[in-house]
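Q: Protein chains in written order, with the numbering used here: chain A, 20 to 429; chain B, 20 to 429.
Don't read these hints as lab results, they were simulated from the structure. Given the structure is predicted, the values throughout are model-derived calculations rather than measurements. Don't take every hint at face value.
For identical chains, the list gives no copy identity; a pair is met inside one copy or between any two copies.
[As the list claims (entries may be wrong)] Straight-line C-alpha distance at most 30 Å; calculated DSSO-like pairs for lysine-lysine: (1) K185 / K22; (2) K108 / K341; (3) K80 / K69; (4) K301 / K259.
Number of protein chains: 2
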Amino acid sequence: MSKLIVQKYGGTSVGSVERIQEVANRVIRYRNRGDSVVVVLSAMSGETNKLVELINAINPKGSAREKDVILSTGEQVTIGLLSLALEAKGCPARSYTGTQARVMTDNAHCKARISKIEGDKLTKDLDAGRVVVVAGFQGVDNEGNITTLGRGGSDTTAVALAVALKADECQIYTDVDGVYTTDPRMVPEATHIPKLALEEMLEMASQGSKVLQIRAVEFAYKYNMPIRVLSSFDDNDDGKSTLVTREEDIMEEVLVRGVAFNKDEAQLTITGVPDQPGVAYKILGPISDANIEVDMIVQNIGIDGATDFTFTIHRNDYDEAKKILCETGEKLGAKNCDGDDKIAKISIIGGGMRSHAGVASLMFESLANEGINIRMISTSEIKVSVVIDEKYLELAVRSLHDVFDLGDCS
Amino acid sequence: MSKLIVQKYGGTSVGSVERIQEVANRVIRYRNRGDSVVVVLSAMSGETNKLVELINAINPKGSAREKDVILSTGEQVTIGLLSLALEAKGCPARSYTGTQARVMTDNAHCKARISKIEGDKLTKDLDAGRVVVVAGFQGVDNEGNITTLGRGGSDTTAVALAVALKADECQIYTDVDGVYTTDPRMVPEATHIPKLALEEMLEMASQGSKVLQIRAVEFAYKYNMPIRVLSSFDDNDDGKSTLVTREEDIMEEVLVRGVAFNKDEAQLTITGVPDQPGVAYKILGPISDANIEVDMIVQNIGIDGATDFTFTIHRNDYDEAKKILCETGEKLGAKNCDGDDKIAKISIIGGGMRSHAGVASLMFESLANEGINIRMISTSEIKVSVVIDEKYLELAVRSLHDVFDLGDCS
Chain A
20 MSKLIVQKYG
30 GTSVGSVERI
40 QEVANRVIRY
50 RNRGDSVVVV
60 LSAMSGETNK
70 LVELINAINP
80 KGSAREKDVI
90 LSTGEQVTIG
100 LLSLALEAKG
110 CPARSYTGTQ
120 ARVMTDNAHC
130 KARISKIEGD
140 KLTKDLDAGR
150 VVVVAGFQGV
160 DNEGNITTLG
170 RGGSDTTAVA
180 LAVALKADEC
190 QIYTDVDGVY
200 TTDPRMVPEA
210 THIPKLALEE
220 MLEMASQGSK
230 VLQIRAVEFA
240 YKYNMPIRVL
250 SSFDDNDDGK
260 STLVTREEDI
270 MEEVLVRGVA
280 FNKDEAQLTI
290 TGVPDQPGVA
300 YKILGPISDA
310 NIEVDMIVQN
320 IGIDGATDFT
330 FTIHRNDYDE
340 AKKILCETGE
350 KLGAKNCDGD
360 DKIAKISIIG
370 GGMRSHAGVA
380 SLMFESLANE
390 GINIRMISTS
400 EIKVSVVIDE
410 KYLELAVRSL
420 HDVFDLGDCS
Chain B
20 MSKLIVQKYG
30 GTSVGSVERI
40 QEVANRVIRY
50 RNRGDSVVVV
60 LSAMSGETNK
70 LVELINAINP
80 KGSAREKDVI
90 LSTGEQVTIG
100 LLSLALEAKG
110 CPARSYTGTQ
120 ARVMTDNAHC
130 KARISKIEGD
140 KLTKDLDAGR
150 VVVVAGFQGV
160 DNEGNITTLG
170 RGGSDTTAVA
180 LAVALKADEC
190 QIYTDVDGVY
200 TTDPRMVPEA
210 THIPKLALEE
220 MLEMASQGSK
230 VLQIRAVEFA
240 YKYNMPIRVL
250 SSFDDNDDGK
260 STLVTREEDI
270 MEEVLVRGVA
280 FNKDEAQLTI
290 TGVPDQPGVA
300 YKILGPISDA
310 NIEVDMIVQN
320 IGIDGATDFT
330 FTIHRNDYDE
340 AKKILCETGE
350 KLGAKNCDGD
360 DKIAKISIIG
370 GGMRSHAGVA
380 SLMFESLANE
390 GINIRMISTS
400 EIKVSVVIDE
410 KYLELAVRSL
420 HDVFDLGDCS
């Protein structure tokens, strides 16, 4: 049965003329078996960095609107090149920038969020037998300004397009062949996961398993879009992959699916804040207004009418967030405002946790045995996350991977 | 009195971070004296070539639509960078791609022509005190496809914007400080022309005096927009320049204003074509349908019911045009079809020719004295052009420059 497939290729997958030719070959293989294909591309690897260097040489603190105009050119080059490569191989294709594909976003430049995609034009092209090649990472606001989606935006474009066009599957091509129980570069015993639930992937992604970006997984979760993670370096289209799908499609529910970690975060703490209703909003509102995303949030029970408040943010936002927080702290009469950007976050994730007690305590015990101090804890139904000193990260990951028996049997 | 000025900068003028800073400084100097400024930019020098190399490595014969998507990124980078540079110096600015500036064109990709510019948004920005920075060389067709204007397109964008926004002057910044009686690299005695008529400039430009592109001058001529040619390497805003303006504004009308030449052309000849009404259209129609511009056209008087037909085109189009012409020739029963791409065209130009006989014959005599054979002749009210063997070009230019006394007195 013929399918509509959205394929997304990252920067290394389109990093040279040869790699672009290989992408074209794969697209044509899918078409030859009767599928319709929409391709979403990132910029050639290295190109975005070159543009960032130019920006930084001129005005690193300049307006995000202008930065987006510059940064969005990277994908515009690759979509044209892939379309030409497809044409050269006899396959009709048409490229679309974010503006042309009507990837509508809000106006939060550099971190824009997709509000909708008007896919009529693309559908017409697909019906006419063309491959549609769309620039990832970018969109357009209601005023016609070019926006970029920020970190991992191309994954999000791919999933959003897949949803808008009612695709059968969204394939994300990277330099790895799927999701592992943890990062194989850190733990060689890490094992490949052929299938996992979107909920689990959501937690894996948000914890920094670099394979898929959290926003893309959120999108897929919300609209029930199956994602398949594959390697663009594998010519075998039926090779290893990880299918991320609805939970009910997963037969076996395991206790702990994997160990995720993240070194890109920083921690901010404000202490001695008068404990009044609305204090959380007063503290986090200004951070959110600056478009800084907050990850973990922990508030201690108030003592003597005062409370302590700790949260984590992306490390890049550390200086700005700290400045905002300390200003807020002064206004609120807080006792102290401090932070640390040398932290790491580790999470264990698994749909089976719901029905099994003791998973969290086994985690805490295992870290204690290694003499690792836990600075923050946060839990969800299928995840337990802790923040520790960055220097203990590798030790902690190895230890947890071992304790929860995630290693390869072989 | 405050003016609205459109300034266009070519690739070498924005070729590095330092050069972009200098452009920003000049824009701010104009603003500081009360002028409103619209800036039109080319891509950084070398960038377009890099993109062309990528295209040629993948599919040199690919669709022009996709090439335009790729090629238009060059200017998109520079408009963002200049806007950031202006911001860094405290000057509010906003960039516009061709699509955003609503530079509407036909859909002749790679050679599109501007149909209109909807300048409302830009005017609002200017009224709000912003510098408006527009990507040259590019536009958008009615379907939202990105188009490029082809050779010299940025000059055309600048003049078209100046007309649409009712600017007082369109300044074209290049690496020379204006128009000379001929190319100073070939004839060191060439003298600077401070002011000349649009009609004369039109002939100079069309003959290959590389300073201004013919389409831009045509636009300026049609809408009476004064153009000033200046050097972006001259920090003195009141330094040397050439003002190209309405003929009535020019006091003194000289006999011959300058000698222009062009080595970018090729000649095609078809002989023994049955001389029937409509034969010129039958021959040139297919050439024009392929979007190839024809320059000089000469048709001999028919002998024995047959006629010969010679015309010139851009050298890049030589192979394609020859193929088309010879196919047409076969259909029409022509005797022969041939061409030569080792030719050069030389023209003498001057508003005073109208009222003075003998200018053309002085030209022919001078060439004959040097033993140079003339292959084609074409004349207009203020111009005489001849086609000669390319190898005689330099000798011919020097000789004519001398004969018409165009050299510097000093």
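Q: Please go over all the hints and tell whether each is borne out by the structure.
A: Tested hints:
1. K185 / K22: within (10 Å within a copy, 54 Å between copies)
2. K108 / K341: Intra 53 Å, inter 27 Å, cutoff 30 Å: inter-copy only.
3. K80 / K69: Answer is both; intra-copy 17 Å and inter-copy 29 Å each pass.
4. K301 / K259: neither (48 Å within a copy, 61 Å between copies)
Hint compliance for this structure: hint 4 alone is broken.
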